[in-house]
Amino acid sequence: MDRKGAMARRAAGAAAFASGLAPTLAQAAKEYNLQPPVTPIATHIFDLHVYIMLICAVIFVGVFSVMFYSIFAHRKSKGHQAAQFHENTLIEIVWTVIPFLILVVMAIPATRTILAMKDSSVPDLTVKITGSQWKWSYDYLDDGFGYYSNLSTPLAQIEEGAPKGEHYLLEVDEPMVVPVGKKIRLLITSSDVIHAWFLPAAGVQQDAIPGFVRDDWMRFDKPGIFRGQCAKICGKEHGFMPIVVEVKSADDYAKWLAGHKKAAAAAADDPNKVWDAKDLIARGEKVYAANCASCHQPTGKGVAGAFPALDGSKVVTGPKNDQIKTVLNGVVRNGQPTAMVAWKGTLSDIDIAAVITYTRNSWSNHTGEAIQPAEVKADRS
Amino acid sequence: MSSIPHDHAAGHDVDHEHAHHPGGIMRWITTTNHKDIGTLYLWFSFIMFLTGGVMALAIRAELFEPGLQLVEPEFFNQLNTVHGLIMIFGAIMPAAVGFANWQVPLMIGAPDMAFARMNNWSFWLLPFAAVLLLSSFLVPGGAASAGWTLYAPLSVQTGMGMDLTIFAIHIMGASSIMGSINIITTILNMRAPGMTMMKMPLFVWTWLITAYLLIAVMPVLAGAVTMLLTDRHFGTSFFNAAGGGDPVLYQHIFWFFGHPEVYIMILPSFGIVSTIIPAFARKPLFGYASMVYATGSIAILSFLVWAHHMFTVGMPVAGQVFFMYATMLIAVPTAVKVFNWVATMWRGSMTLETPMLFAIGFIFMFTVGGFTGLVLSLVPVDIVLHDTYYVVAHFHYVLVAGSLFAFFGGIYFWLPKWCGRMYDETLGKWHFWMTFVFFNITFFPMHFLGLAGMPRRVPDYATQFTDWNEVASIGAFGFGLSQLIFLYAVLKAIRSGPPAPARPWEGADTLEWTLPSPAPYHTFETPPHIQ
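As you go down the protein sequences, you meet chains G and Y in turn. By the count of this note's numbering, the first sequence reaches residue 381 at its end, each step adding exactly one. By the count of this note's numbering, the second sequence reaches residue 912 at its end, each step adding exactly one.
Think of the hints as simulated: they come from the structure by calculation, not from any bench. Just so you know, these numbers come straight off a predicted model, no measurement behind them. Check the hints yourself; a few may be wrong.
[Unchecked claim] From the structure, some residues in chain Y lie toward chain G, with a derived Cβ separation under 7 Å: (1) G528; (2) T693; (3) V713.
[Claimed, not checked] Restraint-style ranges between C-beta atoms, simulated for each label pair: (4) V512(Y) to N334(G): 19 to 29 Å; (5) M579(Y) to F85(G): 46 to 56 Å; (6) K873(Y) to S65(G): 30 to 40 Å; (7) T577(Y) to F72(G): 34 to 44 Å; (8) Y69(G) to I855(Y): 28 to 38 Å; (9) I406(Y) to G161(G): 45 to 55 Å.
We put the beta carbon where it would ideally sit given N, CA and C, even for glycine.
All chains should be modelled from the sequences, with the hints used to inform the complete structure.
In structure tokens form, the structure reads like this:
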């Protein structure tokens, strides 16, 4: 008992020592350990993990030294005679109590970290994060704007074996941007199925649950670009909805914020403007690539049995109001939403008009029609 | 256990062996014999093991390098989902029931299972469930693709493959429940005179407790998937917030089944290992009573830890802390078991035949899985490892190197009794070492992938994960091919192995070894008497 107790104490001592070394270890063992932490919480987690692993390693080596020594020495081929002892109540009690005490030693720092992680009070900034199949959107609630963040890795790299870029699958058209050193409260939800917003270096993973808002928080120690992914299976493009967070200095963040607010104001289109077909198709192509192509495919051919083709589709070549309503409200079967979700909350009237115009004038579809934003607006209700 | 008089009636049974049942295929369809049914379960589970294994190899082939090469993401998700369901419900659980069918009556001195006809039905439901599950690949929209956990609302969204999966789960659940009732009734009522509960072999104990767990939780799973079914087709909103439901409710119900399920899959293996180790250490099991209590404690605790699968749903501090402490507590009875096994080996007189190698491999690697489980039980650490490859590594260490290794050991151990012939020791050792080495090449690197932040269930990954994925894929193909050695070793033993003596293992002392090898078709018609 004394020997094991001493072992546990030594382990605790070694772990405390190692916690001091953690940042160094992080560099040395990058490929074999958690990502280098960039927030105070992630640093706690990193140290906790190292501490637990050291305790586990000591126990593991201890137990299996005994077992392998026994396998080596107590063998019939060595002429070892079997002893016949098979019970000892004292030793059973001892080796029930010791693991329990080791667990207490593990639970204390873990509990302390949980309490710190859960304290999302008094934030400097609140960002609402919404997961949807298959992208994230970031709404800066304090500043009244928001945007979608789509995977920007070209399809050629994913499907056609083109040389992969440095940040293959972990790059987006527009990252989440936050200031360094500020407490950022995250309100996380989803518009369809469960996703999980996972940024390992920040020590944050929170499920995005449709119909519910969960909160979490983070505070970055230093500027930089940090990458993660959706962690909860959410359908076919689950592996293709990355998370990129760019941490800027206070000045750079202020500039970014001002620029973004201005751009957001400028982008607020006049809903009554009459667009010509060429502009709508050009805009629609982008909307299609970002929102529709993953199911209906860039070729408009869909996927047989799962996602219908738009090329030659009766809906896309038929009465335009049917298509507008389908895009606005999604397809509901037996009272349940299908993979064709409602886009009315996600896309603006202009984007919907543009993407419908694009689909009605692409591939083998040649309706020659241009759908105006006002028509979409009229069908919203 | 205790020494018992030899069953002299056994020779008499042999003479009549062919008189009581039809031949050919009808023997297997109509059989009510626990040995035949045990054999059916074991072959069925092996076929399912290969089926699920081929799916795993397709997954690993796709993940050999970044980019999409072989399968489309939808099909990848289907493979992932059905691989999990097949391995759990088709391979591991039926294999355990196969062992119970063969061994429980033999080890307690009963002539057969309590409900012989229900036993037949329990088995014959399974092939139909498997066909239903596998045929879902052929329907529009393909098989279920939401992961084996079938989380709503994703599972509400997908095609009719999900409905077939739900029905398959219902049928497999009914099979498990009937099997469990049979096992409990047999153990409680049909023990030979003198075999008190605390004299039962540990394998019988672990199965008794497993059977109670199954009866407690299979209906819960049936409830969860039925709610999915009505959400999908009948307008209910159990898991839809827009209709007043909650997607997280599904997870609570599912894991209330799912965590005891983990122990359902491992407890029979504990029993097998606790039988093999004393036999090859030639020394009684150390701490028999404490092993029984530890198994019971694990079973009870298993009902109190389900939400550790859900630490990222955003539960309150009190919830996280409670489920963390309860989960950590499971380490105590588990550690007691490992210490008892090591103490059984200590100062024994060991030989290292194939069953013993698998048992030692089990202890060693199951402990690795136990430690990673402890790491995952700590909420803060789980937050950065949840749904990453670290979790994939963890549960393959406990389910493959745990359950499956024990089953391999059990098959080599009892094969002489079952078919009356010895397996080829060299082949068995090759099978063990290939399996052991390739298992670790496959799954150990997954710890590093998870720590580095690679999520599970993705068909493609960022380039920094390439090296370890390549290693894991190579290991997986080696692991898969190694199982063909097992098939060959078993077939060779059945066809042309040298005849086995009644008790081929010097240290084996449970009741079945008092019977001749192969065990006659009917055994213990007159119960043996245990002193």
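Index of numbered hints that the structure contradicts, given in increasing order: 5
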